[in-house]
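Enquirer: Sequence:
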Amino acid sequence: MAAVPSSSGSTRCSSHPHPHQEMKLTITQLEQLKVERKVFEIYHLLSDVSPHAKSLMMELWRDKHIEFLTRGLRQLGPSFFVLDANRPWLCYWILHSIALLGESVDSELENNVVDFLSRCQDKDGGYGGGPGQMPHLATTYAAVNTLVTLGSERALSSIDRGKMYKFLLKMKDSSGAFRMHDGGEMDVRASYTAISVASMLNILDSVLIRDVGSFIQRCQTYEGGIAGEPGSEAHGGYTFCGLAAMILINEADKLDLPNLIDWVAFRQGVECGFQGRTNKLVDGCYSFWQGGVLALMQKLLSVAGKQSEASTLCGGLGSGESMYNMTSSTPGKLSDIGFSFMNEKTECGPLFHSVALQQYLLLCSQVLEGGFKDKPGKNRDHYHSCYCLSGLSVSQYSCCKDPRHNPPLPNEVLGPYSNLLEPIHPLYNVILDKYYKGHEFFSSS
1 MAAVPSSSGS
11 TRCSSHPHPH
21 QEMKLTITQL
31 EQLKVERKVF
41 EIYHLLSDVS
51 PHAKSLMMEL
61 WRDKHIEFLT
71 RGLRQLGPSF
81 FVLDANRPWL
91 CYWILHSIAL
101 LGESVDSELE
111 NNVVDFLSRC
121 QDKDGGYGGG
131 PGQMPHLATT
141 YAAVNTLVTL
151 GSERALSSID
161 RGKMYKFLLK
171 MKDSSGAFRM
181 HDGGEMDVRA
191 SYTAISVASM
201 LNILDSVLIR
211 DVGSFIQRCQ
221 TYEGGIAGEP
231 GSEAHGGYTF
241 CGLAAMILIN
251 EADKLDLPNL
261 IDWVAFRQGV
271 ECGFQGRTNK
281 LVDGCYSFWQ
291 GGVLALMQKL
301 LSVAGKQSEA
311 STLCGGLGSG
321 ESMYNMTSST
331 PGKLSDIGFS
341 FMNEKTECGP
351 LFHSVALQQY
361 LLLCSQVLEG
371 GFKDKPGKNR
381 DHYHSCYCLS
391 GLSVSQYSCC
401 KDPRHNPPLP
411 NEVLGPYSNL
421 LEPIHPLYNV
431 ILDKYYKGHE
441 FFSSS
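The numbering of the sequence shown is UniProt numbering, which starts it at 1 and goes up by one.
It should be emphasised that the hints constitute simulated quantities derived from the structure, not laboratory data.
There are no misleading hints in this set.
Below are the EDC-like pairs computed for lysine to aspartate or glutamate, each with C-alpha atoms no more than 16 Å apart in a straight line:
1) 64 - 381
2) 166 - 122
3) 280 - 223
Beta-carbon label-pair distances, calculated as ranges:
4) 30 - 123: 44 to 54 Å
5) 218 - 166: 22 to 32 Å
6) 173 - 410: 44 to 54 Å
7) 74 - 152: 15 to 25 Å
Built from N, CA and C at the ideal position, the CB exists for glycine as well.
With the hints as constraints, model all of the structure from the sequences given.
Expert: This is how it looks when you write it as structure tokens:
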């Protein structure tokens, strides 16, 4: 870029190239321009149509989504063979999406899912990607969340918590990280899925969390986001996993939270959706991975604000006392952190443009035949359906102090109010009512 004098005599950068320079766009820049063009065409169309047509464009096509999702749970085409090691994930993506839409499956289908996941449960604990496959932390997380989403006593009692604890302990590395599977890679996904499962099942203890916070802290980058492992690039999915895990072990204060907020907030682009990394394209799935991070930070800031106010009245915080302590009233009960987290009212306002995100999801990610996709020009799939709907829920409830008892106001839900989804627990990404039911079951058993 050329430096040119301003009217005040100072120097500023011009975006115009030097006359002797030829501007060459990178492949990434060209792809970005293509995406912007497609998105803005949709937004311009919205501004030009009649009020009735505009209302139809903004509608969440529930029946079509349910049809698409239910069909996927019963029968998948031959091309899905590449997901053979991810079958619990397919159960989770589909059943969680159905639950977000306020629906459930019939008892026969529910029992079939429980039976299938029982065959995926390893004799030594954890769940594999299919019957007979080795247990893996990612598919274990998916299986547990699926069974909590189903919520029946048969589903919840099918989990062998004693063997699960042994499996999680086996995956624990002396560095504080977890391995995804026996001999597998260590990254922040593994930390989150292990901690989330242990917290959900009420088996989280000081042994499992030892040095986990230090490992995740080392994964935070100079940008503010969290990478999969130390020295890698900040990424939306890993940032969610890292922050959620740190909250669940009550060590969020080890992170540079202001820098983290800045990085995530600036990932919402002109398309109104989120990108996963710096200089990458928008993707509907990051409406949850990035939007969920900011939902967690809203709650944390509310907690910190209350504790700061109380500390001022009481003469200040003591040495080493966390400003983000979720268990100050019940020290030592690690598995209650998720419960305490949701019982705190959210006093802080949204940290992202929630209505704009809803616009991107409804107009650019929603497929009228059912399901959601990454961006215009892409195909629908169950993964994006799950995380686009999860992000839509997060954005709809972003102004709610207590989503379980006080639903959003109509002006906080884009389109007809019938678009409103079920609220989720943002630490686990399961329906809030299902979480409370599971928490009660595992706390009493």
